[in-house]
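Same order as they appear, the protein sequences are chains D and U. Just so we're aligned, residue 1 is where the first sequence starts under our numbering, counting upward by one. Just so we're aligned, residue 1 is where the second sequence starts under our numbering, counting upward by one.
Source of the hints: derived by calculation from the structure; they are not laboratory data. Check before you lean on any hint, since a few could be wrong.
Take a look, some chain D residues computed to stay more than 12 Å from chain U by CB distance [to be verified]: (1) 80; (2) 81; (3) 94.
Partner residues are not named here, just some residues of chain U that face chain D (Cβ under 7 Å, in silico) [to be verified]: (4) 26; (5) 28; (6) 61; (7) 63; (8) 64; (9) 71.
Here are the in silico distance ranges between beta carbons for each label pair [as the list claims (entries may be wrong)]: (10) 44/D with 390/U: 37 to 45 Å; (11) 538/U with 81/D: 51 to 59 Å; (12) 816/U with 66/D: 17 to 25 Å; (13) 509/U with 31/D: 55 to 63 Å; (14) 44/D with 804/U: 34 to 42 Å.
From a predicted model like this one, the values you see are computed outputs, not experimental measurements. C-beta atoms are modelled at their ideal positions from N, C-alpha and C, and glycine is treated no differently.
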Amino acid sequence: MLDREVKRGSTEVLILALVQDRPRHGYEIAKLIEQRSEGVLQFHAASLYPLLYRLEKRGLISGRWIEKAGQRRRRYYKLSVAGQKVLAEQRKTWKDFFTALDRVAGINPA
Amino acid sequence: MPNWDDAIRERLAELRLEPVRESEIVEEWSEHINDRYEELLAGGATENEALSSALVEFTENDELIRELRQTERVVRREPPLLAPASTGNMAADFWQDFRYALRTIGKAPAFTGICVLALALGIGANTAIFTVVNAVLLRPLPYPESEKLVELGRAFPGSEFGGNLSEPKFVFLRDHNQSFENLTATQEMGSNTYVSDDTQTDFVQGMIVSADFFRVMSIAPARGRAFTANEDSPGGDRVVILGDSLWRRRFGSDDTIIGKTIALNGNAFMVVGIMPLGFEYYGAQDVFVPMQMNPASKNEGHNWTVIGRLRPGLSAEQAQSEAALLFEKFRSIYPQQVQRNETFGARTWRINMTGSVRELLWILLGAVSLVLLIACANVANLQLTRAAARQKEIAIRMAIGGGSWRLIRQLLTEGLVLALIGGSGGLLLAIWGLNAMRQLLPDGLIPRVEEVSLDWRVLIFCLAASLLTGLVFSLAPAWHLLRVDLNGALKEGTNKTGAGVTRGRLRNVLVVVEVALALALTVSAGLMLRTFANLRGVEPGFATQNLLGFEISPRGKSYDTVTKINGLYLRGLERFRNLPGVEAVAITSKLPLDAQFNLPYRLRGQNQFAGAVQYRLITPDYFRVMKMAIRKGRQFDASDSRSSEAVAIVNEAFAKRSFAGGEALDQQLCIGCDKFDPAMRRIVGVVNDTKQQSLSDISPATVFVPLAQAADGMSGILRQASFVCRTTGDPLLLGTAIRSEVHALDPSLPVRNLHSMDQLVGRSIAPQRFNFSLLSLFSGLGLLLAAVGIYAVMAYNVSQRTHEIGLRMALGAQGHQVLGLVLKQGMRLGLTGVVLGLVTSYAATRLLKNLLFGVSATDPVTLAAVALLLIGATLLACYFPARRATRVDPLVALRHE
Chain D
1 MLDREVKRGS
11 TEVLILALVQ
21 DRPRHGYEIA
31 KLIEQRSEGV
41 LQFHAASLYP
51 LLYRLEKRGL
61 ISGRWIEKAG
71 QRRRRYYKLS
81 VAGQKVLAEQ
91 RKTWKDFFTA
101 LDRVAGINPA
Chain U
1 MPNWDDAIRE
11 RLAELRLEPV
21 RESEIVEEWS
31 EHINDRYEEL
41 LAGGATENEA
51 LSSALVEFTE
61 NDELIRELRQ
71 TERVVRREPP
81 LLAPASTGNM
91 AADFWQDFRY
101 ALRTIGKAPA
111 FTGICVLALA
121 LGIGANTAIF
131 TVVNAVLLRP
141 LPYPESEKLV
151 ELGRAFPGSE
161 FGGNLSEPKF
171 VFLRDHNQSF
181 ENLTATQEMG
191 SNTYVSDDTQ
201 TDFVQGMIVS
211 ADFFRVMSIA
221 PARGRAFTAN
231 EDSPGGDRVV
241 ILGDSLWRRR
251 FGSDDTIIGK
261 TIALNGNAFM
271 VVGIMPLGFE
281 YYGAQDVFVP
291 MQMNPASKNE
301 GHNWTVIGRL
311 RPGLSAEQAQ
321 SEAALLFEKF
331 RSIYPQQVQR
341 NETFGARTWR
351 INMTGSVREL
361 LWILLGAVSL
371 VLLIACANVA
381 NLQLTRAAAR
391 QKEIAIRMAI
401 GGGSWRLIRQ
411 LLTEGLVLAL
421 IGGSGGLLLA
431 IWGLNAMRQL
441 LPDGLIPRVE
451 EVSLDWRVLI
461 FCLAASLLTG
471 LVFSLAPAWH
481 LLRVDLNGAL
491 KEGTNKTGAG
501 VTRGRLRNVL
511 VVVEVALALA
521 LTVSAGLMLR
531 TFANLRGVEP
541 GFATQNLLGF
551 EISPRGKSYD
561 TVTKINGLYL
571 RGLERFRNLP
581 GVEAVAITSK
591 LPLDAQFNLP
601 YRLRGQNQFA
611 GAVQYRLITP
621 DYFRVMKMAI
631 RKGRQFDASD
641 SRSSEAVAIV
651 NEAFAKRSFA
661 GGEALDQQLC
671 IGCDKFDPAM
681 RRIVGVVNDT
691 KQQSLSDISP
701 ATVFVPLAQA
711 ADGMSGILRQ
721 ASFVCRTTGD
731 PLLLGTAIRS
741 EVHALDPSLP
751 VRNLHSMDQL
761 VGRSIAPQRF
771 NFSLLSLFSG
781 LGLLLAAVGI
791 YAVMAYNVSQ
801 RTHEIGLRMA
811 LGAQGHQVLG
821 LVLKQGMRLG
831 LTGVVLGLVT
841 SYAATRLLKN
851 LLFGVSATDP
861 VTLAAVALLL
871 IGATLLACYF
881 PARRATRVDP
891 LVALRHE
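So that you can see chain D by itself, here it is in the shape it has in the complex:
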């Protein structure tokens, strides 16, 4: 299980990256994180929804109610223009961090 603090620091970039391609609802985001991380990262409601609401308040993502045919309506989140910028910055920061880790401690993320 990943250290709590490391998880905390990375959740923002995870969510921003996942909604970059297309809008997603909360359950979908949680499931995708679990699947793509092969179970290493699991987001429960306690972490997920407060973070989604915080990101929405900061204007990095925007939420909309969408009703698809045959379904009840759900709240979908997508990346905003401001969010694009922040995501790009955070990706660079993490890349630099891993490069430094590799140089010092031989940890290769590839």
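Got chain D; can you put chain U on it based on the hints?
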């Protein structure tokens, strides 16, 4: 699908979220839990296992609520209305209410902030204007028993009293009156008055006064003495009394200066006294010299301000009656010295001095009162909204026996505290505003402006305005409280009850009143704008661009005759003409739109003076430089010299006045022939009219005389003559070149009053610009407050109608239909206000008619334009709440009551 909502709501209850937000979260989590539930079912869990596992993530997790508490805004509950029970002691009760009011206000910072800002703006503007009204109109003049000081002057039926007296008239009044203890005559010494010694020359302000001046003002010199009767006689000693400021700054507060001589206008005067610190008479005067008038004087120049101190027990009206009688006596003895409708007038000096701005100041005070009323209406509306939120609680309190008077007392205390905070802010705003106003005030517009300052009257006004305002805007919720229907208020859906409906009606009335008042204010500003624009469009009679004026004020022995002064001026003309950038130069004894100078004149064949007209000495190029038009005859030229025929040119106004349609050319007149210039002059030309006093006054009749033919007695007038240059570019760029040419001409000569004619024109319409600026500021404030008021009411109405709007949209109403619904409601209020405002304006703007030029007080174009502006502002203020209404989520709205 199982119903997860109740469980989620129960979990969220402790966060006390806004109902709409809570509904959204419940819906979102419900779907998430359902997906999880179905995933678990698909994975083989039993129904019970799936139910509890799906829910547990949300309902058993304290961290979720903790995190959410930080993220979500919590609804503020209104603090309970009632303070602890009455102590029975009124003072203690009041103190309790006061502290409670402070706490209540502190808990709603946004609400308090908006109220305080609106009140500060309204009270501040009123305090600022009242400060000016107080200093100019209300405060007594700074002389002992100043209400006994009465000004005497010429009066004509139907026109403003005012106007100076001549020496013979002053002597007659002084010797024959019974109403006054003493009478004095005073006259300014002229802008060329100077004090000099070997090293330094200072231009000073001086007053010529008769010996009784000090008795009339009831002020004695602080050092030395006043003038004696001998010193005030013709041929008396040359003596002077110094002002305190000049004594300090130029003579270093020298105690031994009494008895010494100083050089005043190049002559030796002995100092006999120093006036007290701070003494002012039409401003701070540096020197006083005795009048030394011949009691048998026949000088008919009306140049003397005459002031008298009433005998005890007499009034200004009684003095006026006596003056009128005395005038008839004077007329019977000296019929040639009076005009047809002339009489004497006597008015309290303070009233006379401030008469010109009295109307303007009261109008301004009226205008700012409207701003305060609008602010009051706004705050009353906000108070009503707040009362609506607390309604159920109020009803409960009253139902369990909390007396309505106790509640009202608390509401009033809250209102008064808000108003006092707003008033304090307003006082600061007033101080700042007054400083700004002093910078922007045109010179001479407001008499006694140097006395404008905060005093106890202003502070009391500010306090009274604050208290009254607090009472007024608290009345609305207080009155409403008395009419609350307890049963209705206690039920759910409170705004469909009588209480909610009455309150809604009251709010609508307040908004309509705000719009009406804002319209009246804006119409006033609009009329001022048109006045100002009309004035700017007035043709002054000459081309104002690229024209530079300045004086060189020759004085002393080198320039003590007309011949010497003229010689200097001609040399100056040569120099300035040759400067690069100068097309042409001329000289005039007085520029247009500057001060005026008139002399009595007589046509050939007349025994009596036909009146007084403007008199100007000019060089031949003058009309060319000013680009004025010769209508008939010719200009002056080099042949019009001292030894050639005496000639004159008149303007069209003079020709019309004197020859009524007949030919003016070759007629003959003498002007100033009693004292200055006996020559009978032949009129050789007629020129177009130019404005003199102001752009709004008609052009006065004017006679032009060649400078070369100036009579010997004209040296005083000649010294104040102006050079006027037509330049190719910006005239002010020539300042340095002019100064060095003047220095080369004679290093002792100053360059004074250097300005472009455009600046002079600007100065002449500065009062109208000032009026327009102030009224626009007030109307802008009023408009802003009214718009905020409409917005607040509409926003509140939309929030109250959320359920209804949700229902409509669920039943198929489109966004634009909802928009239309809300806009219609708002525009109904706005249009009612506009109509009411138009009616009010039609009646009220008549008060402005004396300030207007070229536009009537009920000008339909202005009324229509302002009405459209207000309608537009109302539309804008309604638009945002209306747009928000279209974004109401029907499902959320329907769930939320």
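Between residue 509/U and residue 31/D, is the Cβ distance one that fits in 55 to 63 Å?
holds (58 Å)
Status of the hint placing residue 63/U at chain D (closest C-beta pair under 7 Å)
For residue 63/U, the interface hint holds, since the closest Cβ of chain D sits about 4 Å away, which is under 7 Å.
Hint status (Cβ of residue 71/U to nearest Cβ of chain D, threshold 7 Å)
Holds: closest Cβ of chain D sits about 5 Å from residue 71/U, inside 7 Å.
Since residue 81/D was said not to touch the interface, does its Cβ keep a gap of more than 12 Å from each Cβ of chain U?
Holds, because the least Cβ-Cβ distance between residue 81/D and chain U comes to about 21 Å, which exceeds 12 Å.
Assuming the hint says 34 to 42 Å, is it satisfied by the Cβ distance from residue 44/D to residue 804/U or not?
40 Å Cβ-Cβ, so the 34 to 42 Å window holds.
If you check the beta carbons of residue 816/U and residue 66/D, does the distance land in 17 to 25 Å?
Once the Cβ atoms are compared, 22 Å apart, the range 17 to 25 Å for residue 66/D and residue 816/U holds.
Taking 37 to 45 Å as the stated bounds, is the beta-carbon spacing between residue 44/D and residue 390/U within them?
holds (40 Å)
Would the stated hint for residue 64/U survive a check requiring a Cβ distance to chain D of less than 7 Å?
holds (4 Å)
Mind checking the CB of residue 61/U against every CB in chain D and telling me if the closest is under 7 Å?
With Cβ-Cβ at 5 Å, under 7 Å, it holds.
Identify whether the interface hint at residue 26/U stands, where standing means a beta carbon of chain D within less than 7 Å of its own.
violated (12 Å)
Does the no-contact call for residue 80/D survive, Cβ to all of chain U over 12 Å?
holds (18 Å)
The output says residue 94/D does not contact chain U. Does that hold with a beta carbon cutoff of 12 Å?
Holds: least Cβ distance 23 Å, greater than 12 Å.
Going through the hint list in order, the structure does not satisfy hint 4, though it satisfies all others.
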